[in-house]
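What follows is each chain in one-letter form.
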Amino acid sequence: MIDLLIIGAGLTGLWAGILAGQKGLRTRIIATGHGALHWTPGTIEVLGYLPGDPQPVKRPFEAMERLFTHRPHHPYRLVEPSALRAGLTAFQQVVARSELPYQGAMRAEENLFLPSPVGAPRPVLLAPQAQAAGDMRRSEPYLIVGFHSMRDFYPTVIAENLSKLGHHARAAWLSPDILTDRSDVNVVQLAQALDDRVVAQRLAAALKPLLRPGERVGLPAVLGLERHPEVFQLLEAELGAPIFEIPTLPPSVPGMRLAQALRRHFEHDLQGQVDLGMTVSGFQTHNDMVTWVWSQASARAVKHRASAFLLATGGILGGGFHSDHSGRVWESIFDLPLAIPQNRSQWFRPTFLAPEGHPVFRGGIRVDAGFHPIDDEGRVLYRNLYAAGNLLTDSDGIAERSLEGIAIATAKASIDHLFSSR
Amino acid sequence: MSTFDWIPPEFTLDQCIKCNICVAHCPVAQVTDRFPGPKYAGPQAQRFRMPHQPSPDRSVDYCSGCRVCNEICPNDVSIMEMNAKARAALVAEQGMPLRNRLLGRNELMGKIGSYAPRLANFALHHPVSRLAASAIFGIAREAPLPTWSTTGTFLDWWEQHYPHRKRSHKKVVYFHGCATMYYEPFIGMAAVAVLEHMGYEVIVPPQRCCGLPMLSNGEFRAAEKLYDQNLEKLGPYAQDGYDIVGTSTSCTLTLKEEAPHLLDRHEVISRTLTGAVWDIFEWIREHEEELPQDFIDLSLTIPYHQPCQYRAHRVGRPSVDILRRIPGVTIHESGARCCGIAGTYGYKKEKYDIAMKVGEELFTFILEEETHHHTEFNACDSETCRWQIEHGTGQASRHPIEVLAAAYGLYDLEHRSLRNPKHAITS
Chain A
1 MIDLLIIGAG LTGLWAGILA GQKGLRTRII ATGHGALHWT PGTIEVLGYL
51 PGDPQPVKRP FEAMERLFTH RPHHPYRLVE PSALRAGLTA FQQVVARSEL
101 PYQGAMRAEE NLFLPSPVGA PRPVLLAPQA QAAGDMRRSE PYLIVGFHSM
151 RDFYPTVIAE NLSKLGHHAR AAWLSPDILT DRSDVNVVQL AQALDDRVVA
201 QRLAAALKPL LRPGERVGLP AVLGLERHPE VFQLLEAELG APIFEIPTLP
251 PSVPGMRLAQ ALRRHFEHDL QGQVDLGMTV SGFQTHNDMV TWVWSQASAR
301 AVKHRASAFL LATGGILGGG FHSDHSGRVW ESIFDLPLAI PQNRSQWFRP
351 TFLAPEGHPV FRGGIRVDAG FHPIDDEGRV LYRNLYAAGN LLTDSDGIAE
401 RSLEGIAIAT AKASIDHLFS SR
Chain B
423 MSTFDWIPPE FTLDQCIKCN ICVAHCPVAQ VTDRFPGPKY AGPQAQRFRM
473 PHQPSPDRSV DYCSGCRVCN EICPNDVSIM EMNAKARAAL VAEQGMPLRN
523 RLLGRNELMG KIGSYAPRLA NFALHHPVSR LAASAIFGIA REAPLPTWST
573 TGTFLDWWEQ HYPHRKRSHK KVVYFHGCAT MYYEPFIGMA AVAVLEHMGY
623 EVIVPPQRCC GLPMLSNGEF RAAEKLYDQN LEKLGPYAQD GYDIVGTSTS
673 CTLTLKEEAP HLLDRHEVIS RTLTGAVWDI FEWIREHEEE LPQDFIDLSL
723 TIPYHQPCQY RAHRVGRPSV DILRRIPGVT IHESGARCCG IAGTYGYKKE
773 KYDIAMKVGE ELFTFILEEE THHHTEFNAC DSETCRWQIE HGTGQASRHP
823 IEVLAAAYGL YDLEHRSLRN PKHAITS
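Residue numbers (the numbering used here), protein chains in the order written: chain A, 1 to 422; chain B, 423 to 849.
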């Protein structure tokens with residue numbers, strides 16, 4: 001029997017798996033499919049916006065107290081700030097060893113402001129090295145380069161919006177023939193094409209004449225998949241200018257790189273195992289312990305026994321909750337009690353972009369200080385069941401820009417509690 | 423439980439949020455423009471597929487059916503089944519080439535060839551006949567077609583040895599499939615030897631092709647006939663509570679899930695058969711406490727590829743779980759998506775290059791393992807994948823059951839034969 005079964009292969013699940021593996025726990029991760037990392041820009045966002053405030057947060061750690069006045073049960077409340085800091089440092093160490101270094105203004109603990117695919121600022125605390133030079137706090141003028149016929153990436157729009165924010169920015173287009181002779185490609189295929197050194201050199205040669213002295217170059221996030229570090233270094237060296245990637249619409253290459261690096265570290269260095277295509281469909285308990293969970297399979301469900309279980313299935317987008325037309329929302333595996341409006345008319349505020357967000361996205365399960373899911377009276381439901389990540393209540397990770405911070409902080413805290421209670 | 427929660431594949435399209443993860447990971451879309459990707463051919467085109475209306479496009483024919491999309495989809499969309507049904511609708515509408523009809527009838531081919539295997543091998547593998555097969559039928563000249571067994575079929579061996587095989591109150595039914603029957607009888611011998619070593623009496627009832635080659639070529643009606651015959655021949659064993667184990671992981675998947683799902687067969691007997699079928703290593707893992715511990719130290723590093731069809735069982739990695747129990751055995755998993763062959767896909771002239779490009783990530787892994795660890799063979803649970811891997815790398819490929827049989831001293835891994843063919847224990 002294994003020590004820990006993690007359900008969910010997003011950042012929370014993978015990071016928890018790595019931490020458990022480092023402690024010597026025999027750990028396995030199962031999930032329906034790839035986690036939300038494949039959709040997200042690969043940056044680590046800790047806190048970017050406070051509820052109701054359109055101004056972005058500059059220093060996330062300083063803004064925490066203000067966050068808690070709006071969100072008294074926020075997951076960050078369950079974690080010491082020092083533990084979050086330590087978690088971020090540990091994260092940086094692990095990804096650096098996987099040749100995927102992350103940077104940020106960590107000494108000042110300030111957010112970077114990176115251009116989104118429409119040129120708006122994204123407040124992030126840690127960014128992959130290949131995105132860091134996009135930081136709007138820097139002064140170099142921008143040259144944003146796109147490829148004709150590439151969907152969902154328009155350098156002109158990005159440059160125009162950056163100019164409106166007061167930056168010097170201009171756009172340029174290149175022919176996609178530089179990268180591939182395929183007629184219709186997605187970002188992942190472009191990234192794979194650039195893994196070829198010859199193609200990367202061809203791109204560098206095409207960029208060179210476009211560049212003016214002192215400029216930095218923004219490109220769609222397709223600078224290699226398997227050989228990303230080499231591609232990035234080659235371009236920087238050939239151009240002699242700062243290069244940065246702008247994340248694209250899903251699927252997201254920087255998110256895939258991060259997911260791949262974390263999974264490889266977990267499986268190759270820590271003897272973990274990740275199995276996808278396994279949707280948990282039931283569970284068995286004895287007294288107040290979960291004894292096993294079932295996952296759907298061909299012919300018959302598969303039984304997974306473990307000493308402890310960590311639920312890391314994410315929020316509504318990740319699949320942690322299901323809902324139906326009547327307005328009922330339920331936690332998808334254990335049907336844990338949810339702090340969420342069970343009436344459809346209360347899910348949303350009247351305006352789509354309401355600055356205080358929509359109540360349904362803040363819904364989630366409640367946990368005690370040991371990260372055990374609890375019921376309405378605060379009682380622990382199962383002594384060996386833990387929960388972490390964005391299925392915890394009272395946070396709205398996307399609106400707050402706190403998805404990854406919550407994942408890293410609560411993964412660490414839950415594994416620490418799990419380990420010490422053994 | 424999952425069997426009874428079955429949702430028709432077409433209905434799952436509403437679960438698709440168009441996130442494109444499947445397009446990004448589809449091994450076929452990655453290498454060719456001819457297949458736009460699972461999302462487009464599957465849930466997206468599905469909205470335009472109406473009863474009694476012509477099919478909206480033909481690109482779905484380039485889906486290899488590897489099921490990587492199903493495996494990684496975060497929202498449980500049955501993409502591959504949607505594609506398979508769409509292909510069958512195309513075939514019903516527009517007919518199919520004779521070539522696909524031939525490739526679907528591997529059981530018949532196996533049978534015919536086995537009457538004169540040497541002649542059949544000569545005829546099938548002669549460069550001139552391959553040229554003709556390519557020109558006339560569109561079967562790729564270089565494709566890794568199988569070789570008939572020249573020492574008799576699996577059934578020949580079984581009938582000869584059955585009288586002195588092990589008898590036991592514990593019994594298990596063996597589904598050999600067409601490849602073991604006509605091309606690789608030694609896989610069946612290794613399976614029988616291991617099952618007997620575990621204390622079981624093996625039963626080999628009459629059986630038919632599982633129907634997968636027909637299903638994946640869109641010939642659903644013919645496949646259903648085979649499925650009915652298997653229900654008739656194997657169903658009674660399932661009803662009596664026997665487990666049915668198979669060494670061909672795509673055959674077991676077909677009997678478990680693919681045939682009943684694609685053919686809409688959910689009657690009691692069909693569900694009973696489904697519940698009785700196991701891939702052999704899935705079954706061994708379930709019966710791990712009966713696994714004897716008298717292993718020989720094999721001192722081997724084995725690169726292992728879990729076929730996409732095995733991953734589609736969604737039972738984890740049973741072969742790895744068991745092989746790692748053998749002293750001195752180190753398993754290195756490929757992590758590759760697909761070898762490319764996808765049953766009969768890579769045999770087709772217009773798809774051969776696609777299949778080889780898809781297989782590249784696996785071939786590279788195997789060759790790197792050979793360089794770094796001096797491995798002499800690799801392991802894989804599916805026959806067509808093994809032939810493709812041997813074709814793409816030049817390295818011999820073995821079924822994990824051969825490795826397990828060898829670890830008990832029952833089997834010669836190099837010559838692919840039982841060490842003592844008459845070896846029988848009576849209890």
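None of these hints come from the bench; they were simulated from the model. There's no promise every hint is true.
[To be verified] A few chain B residues that don't get close to chain A, going by computed Cβ distances all over 12 Å:
(1) Leu435
(2) Gln437
(3) His447
(4) Glu515
(5) His547
(6) Pro549
(7) Ala557
(8) Pro585
(9) Leu675
(10) Pro682
(11) His683
(12) Gly697
(13) Glu704
(14) Arg736
(15) Pro749
(16) Arg841
[What the hints assert, rightly or not] DEER-style ranges, computed between Cβ atoms:
(17) A:Lys303 x B:Gln437: 47 to 55 Å
(18) B:Glu623 x A:Ala369: 52 to 60 Å
(19) B:His795 x A:Val198: 27 to 35 Å
(20) A:His70 x B:Gly697: 30 to 38 Å
(21) B:Gln516 x A:Asp195: 33 to 41 Å
(22) A:Asp195 x B:Gly697: 44 to 52 Å
(23) A:Glu226 x B:Ser551: 21 to 29 Å
(24) B:Val690 x A:Lys303: 52 to 60 Å
For each residue, glycine too, the CB sits at the ideal point set by N, CA and C.
Evaluation of the provided hints:
No beta-carbon of chain A comes within 12 Å of the beta-carbon of Leu435 (chain B); the shortest separation is about 16 Å. The Cβ of Gln437 (chain B) sits about 10 Å from the closest Cβ of chain A, inside the 12 Å cut-off, so the non-interface label is violated. At roughly 8 Å from the closest C-beta of chain A, the C-beta of His447 (chain B) falls inside 12 Å, breaking its exclusion from the interface. Non-interface status of Glu515 (chain B) relative to chain A is upheld: no Cβ of that chain comes within 12 Å, the nearest being about 26 Å off.
For His547 (chain B), the non-interface assignment is confirmed: its Cβ lies about 35 Å from the closest Cβ of chain A, beyond the 12 Å cut-off. With 12 Å as the threshold on Cβ separation, the claim that Pro549 (chain B) sits away from chain A holds: the shortest Cβ distance comes to roughly 32 Å. In this structure Ala557 (chain B) is separated from chain A by more than 12 Å, as the shortest Cβ-Cβ distance comes to about 29 Å. Once the 12 Å rule is applied to beta carbons, Pro585 (chain B) is consistent with being away from chain A; the minimum gap is 33 Å.
Interface exclusion of Leu675 (chain B) from chain A breaks down, the closest Cβ pair being 6 Å apart, not more than 12 Å. A beta-carbon of chain A comes within 12 Å of the beta-carbon of Pro682 (chain B); the shortest separation is about 10 Å. Under the 12 Å C-beta cut-off, the non-interface status given to His683 (chain B) relative to chain A is violated; the minimum distance is some 9 Å. Not every CB of chain A lies more than 12 Å from the CB of Gly697 (chain B), the least distance being 6 Å, so the non-interface label is violated.
Distance check for Glu704 (chain B) against chain A: the nearest CB is about 9 Å away, which does not clear 12 Å, and the non-interface claim fails. At roughly 4 Å, the least C-beta separation between Arg736 (chain B) and chain A is not larger than 12 Å, which violates its mark as non-interface. The non-interface label for Pro749 (chain B) is consistent with chain A: the shortest C-beta to C-beta separation is roughly 18 Å, beyond 12 Å. No beta-carbon of chain A comes within 12 Å of the beta-carbon of Arg841 (chain B); the shortest separation is about 33 Å.
Evaluation of the 47 to 55 Å hint for Lys303 (chain A) and Gln437 (chain B) yields a failure: the beta carbon distance comes to about 25 Å. Roughly 57 Å separates the CB atoms of Glu623 (chain B) and Ala369 (chain A), a value that falls within the hinted 52 to 60 Å. For the pair His795 (chain B) and Val198 (chain A), the beta carbons lie near 30 Å from each other, so the given range of 27 to 35 Å is met. At roughly 52 Å, the beta-carbon separation of His70 (chain A) and Gly697 (chain B) lies outside the given 30 to 38 Å, and the hint is violated.
For Gln516 (chain B) and Asp195 (chain A), the Cβ-Cβ distance of about 39 Å falls inside the hinted range of 33 to 41 Å, so the restraint holds. About 45 Å separates the C-beta atoms of Asp195 (chain A) and Gly697 (chain B), a value consistent with the hinted range of 44 to 52 Å. Between Glu226 (chain A) and Ser551 (chain B) the beta carbon distance is about 41 Å. The supplied range of 21 to 29 Å is therefore violated. Judged by the Cβ atoms, the range 52 to 60 Å given for Val690 (chain B) and Lys303 (chain A) is violated: they are separated by roughly 24 Å.
Hint compliance for this structure: hints 2, 3, 9, 10, 11, 12, 13, 14, 17, 20, 23 and 24 are broken, all remaining hints hold.
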